[in-house]
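Engineer: Below are the chains, spelled out letter by letter.
2 protein chains.
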Amino acid sequence: MEATTEARVPQKLTSKGRATRARILEHAAELIYTKGVHATNNEQLRRAAGVSGSQLNHYFPTKESLVLAVIEWQAERVLAFHRSERFAHFESLDSLREWAGFYIAYEHSYREGCTLGSLASEIIKTDLDVRADLANAFEQWKDLFRDGLERMQRLGRISAEADPARLAHLLLSAFQGGMLLAQVARDITPLEDALRAAIDHVQTFAVLPAADAPEDR
Amino acid sequence: MEATTEARVPQKLTSKGRATRARILEHAAELIYTKGVHATNNEQLRRAAGVSGSQLNHYFPTKESLVLAVIEWQAERVLAFHRSERFAHFESLDSLREWAGFYIAYEHSYREGCTLGSLASEIIKTDLDVRADLANAFEQWKDLFRDGLERMQRLGRISAEADPARLAHLLLSAFQGGMLLAQVARDITPLEDALRAAIDHVQTFAVLPAADAPEDR
Numbered sequence: 001m002e003a004t005t006e007a008r009v010p011q012k013l014t015s016k017g018r019a020t021r022a023r024i025l026e027h028a029a030e031l032i033y034t035k036g037v038h039a040t041n042n043e044q045l046r047r048a049a050g051v052s053g054s055q056l057n058h059y060f061p062t063k064e065s066l067v068l069a070v071i072e073w074q075a076e077r078v079l080a081f082h083r084s085e086r087f088a089h090f091e092s093l094d095s096l097r098e099w100a101g102f103y104i105a106y107e108h109s110y111r112e113g114c115t116l117g118s119l120a121s122e123i124i125k126t127d128l129d130v131r132a133d134l135a136n137a138f139e140q141w142k143d144l145f146r147d148g149l150e151r152m153q154r155l156g157r158i159s160a161e162a163d164p165a166r167l168a169h170l171l172l173s174a175f176q177g178g179m180l181l182a183q184v185a186r187d188i189t190p191l192e193d194a195l196r197a198a199i200d201h202v203q204t205f206a207v208l209p210a211a212d213a214p215e216d217r
Numbered sequence: 001m002e003a004t005t006e007a008r009v010p011q012k013l014t015s016k017g018r019a020t021r022a023r024i025l026e027h028a029a030e031l032i033y034t035k036g037v038h039a040t041n042n043e044q045l046r047r048a049a050g051v052s053g054s055q056l057n058h059y060f061p062t063k064e065s066l067v068l069a070v071i072e073w074q075a076e077r078v079l080a081f082h083r084s085e086r087f088a089h090f091e092s093l094d095s096l097r098e099w100a101g102f103y104i105a106y107e108h109s110y111r112e113g114c115t116l117g118s119l120a121s122e123i124i125k126t127d128l129d130v131r132a133d134l135a136n137a138f139e140q141w142k143d144l145f146r147d148g149l150e151r152m153q154r155l156g157r158i159s160a161e162a163d164p165a166r167l168a169h170l171l172l173s174a175f176q177g178g179m180l181l182a183q184v185a186r187d188i189t190p191l192e193d194a195l196r197a198a199i200d201h202v203q204t205f206a207v208l209p210a211a212d213a214p215e216d217r
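Same order as they appear, the protein sequences are chains A and B.
Going by my numbering, the residue at position 159 of the first sequence is 159; the numbering climbs one at a time, nothing skipped.
Going by my numbering, the residue at position 173 of the second sequence is 173; the numbering climbs one at a time, nothing skipped.
Don't take each hint at face value.
[To be verified] Below 25 Å or equal to it, Euclidean Cα-Cα: the simulated DSS-like pairs (lysine-lysine) are:
1) B:Lys-63 / A:Lys-63
2) A:Lys-35 / B:Lys-63
3) B:Lys-63 / B:Lys-16
4) A:Lys-35 / B:Lys-35
5) B:Lys-63 / B:Lys-12
6) A:Lys-63 / A:Lys-16
7) A:Lys-12 / A:Lys-63
8) B:Lys-35 / A:Lys-63
9) A:Lys-35 / A:Lys-63
10) B:Lys-16 / B:Lys-35
[Unchecked claim] Incomplete in silico selection of chain B near chain A, CB under 7 Å:
11) Ser-121
12) Asp-133
13) Ala-135
14) Leu-181
[Unchecked claim] With the C-beta cut set under 8 Å, the calculated list includes, among others, these residues of chain B facing chain A:
15) Ala-120
16) Ile-124
17) Thr-126
18) Arg-131
19) Phe-138
20) Glu-161
21) Ala-165
22) His-169
23) Ser-173
24) Phe-175
25) Asp-193
26) Ala-194
27) Arg-196
28) Ala-197
29) Asp-200
Worth flagging that the hints you see were computed from the coordinates, not collected in a lab.
Glycine included, each C-beta is placed from N, C-alpha and C at the ideal position.
Start from the sequences and build out the full structure, keeping to the hints where you can.
Structural biologist: Rendered as structure tokens:
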């Protein structure tokens, strides 16, 4: 994703120009996350980022260009977070539980939902030409889980009968659906239940480590 | 839900008035489902339903009143569909598979997503005062699965160790999240994987019927 975004930032920008663009983008992402795409207008954004209308127009001439940049910004953040050491490439059930625990304890989960999923849901039916970018981001996200599950198989931690692609779709769907239900209910329980049950399902494929195997007792 | 909606239809409406209101509502639901809330305007709705601006204003004086009525209309339809004989109160794994199979084969799934979930996602961050109505609808929906799973337990079809509320949240979250991912990818696979894996998980709690139990062989 980094390479893609870099490519989209006009190469002629000075370092000051890049900093201004980044500041606008950060405020746009924050406004869109808390208020939604439709309620975010240029005036709010200009005030929040401390830029003029012509500056805003220079970096993001259309709402589509702004929304597209925010999608990339949020996608990079969510993918970088999932790739962080904290989750150890999702090579174990414990790393999946660590991941679920983070979002269950995260107060924004049931207030504003997923930074990327809530934005996707809000605009998927609009005329904004952003579907391919969203699809690419979710595909990469799903692949992080799939790759982790495949490694768990190679390491003998889960059975060869598990279908990593199917389980990865279960994990990401439970996350996105649980986030929506938690937001609507203003209660984290739907997300907590969905994530714990999805991980319980991965666990049904767990292979006992040799030390715990019945034949060693 | 029926009782609630009836109560909201002004009692003084004549049968002709009720028919006009119902026609507007049906077209509003259709427009909102295909184009989204924000892209649906009064002029399109007037043309689609064949009513005047003053008629529209008479039945739905504000966009909030219209969106609220559409939420109730979609919630009634989705709940009635889930309560239909086809799914036999979700008292068996087969009924859950029948349900998943319907949505996996339903072409609107990956085009417009869930009639209620896509609407909820689009407006949950707006100022429209509709959250309680949405929460009520999703709660009833989740309870249909929970009640079915509880009956499966009483009938000895699934183990007492299963947590019906948690599994119900998994099923509804996998459905909502899978619908979003399928829409974004324009491919049914994420929904299919998520639903099949969620039902596979319910199946891990299945108790063998007496005829199939090992001791009877």
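Engineer: Confirm or reject each hint.
Structural biologist: So, going through the hints one by one against the coordinates:
no., hint, verdict
1, B:Lys-63 / A:Lys-63, "holds (24 Å)"
2, A:Lys-35 / B:Lys-63, "holds (18 Å)"
3, B:Lys-63 / B:Lys-16, "holds (23 Å)"
4, A:Lys-35 / B:Lys-35, "holds (21 Å)"
5, B:Lys-63 / B:Lys-12, "holds (22 Å)"
6, A:Lys-63 / A:Lys-16, "holds (23 Å)"
7, A:Lys-12 / A:Lys-63, "holds (22 Å)"
8, B:Lys-35 / A:Lys-63, "holds (18 Å)"
9, A:Lys-35 / A:Lys-63, "holds (15 Å)"
10, B:Lys-16 / B:Lys-35, "violated (28 Å)"
11, Ser-121, "holds (3 Å)"
12, Asp-133, "violated (10 Å)"
13, Ala-135, "holds (5 Å)"
14, Leu-181, "holds (6 Å)"
15, Ala-120, "holds (6 Å)"
16, Ile-124, "holds (5 Å)"
17, Thr-126, "holds (6 Å)"
18, Arg-131, "holds (6 Å)"
19, Phe-138, "holds (6 Å)"
20, Glu-161, "violated (11 Å)"
21, Ala-165, "holds (7 Å)"
22, His-169, "holds (4 Å)"
23, Ser-173, "holds (3 Å)"
24, Phe-175, "holds (6 Å)"
25, Asp-193, "holds (4 Å)"
26, Ala-194, "holds (4 Å)"
27, Arg-196, "holds (7 Å)"
28, Ala-197, "holds (4 Å)"
29, Asp-200, "holds (7 Å)"
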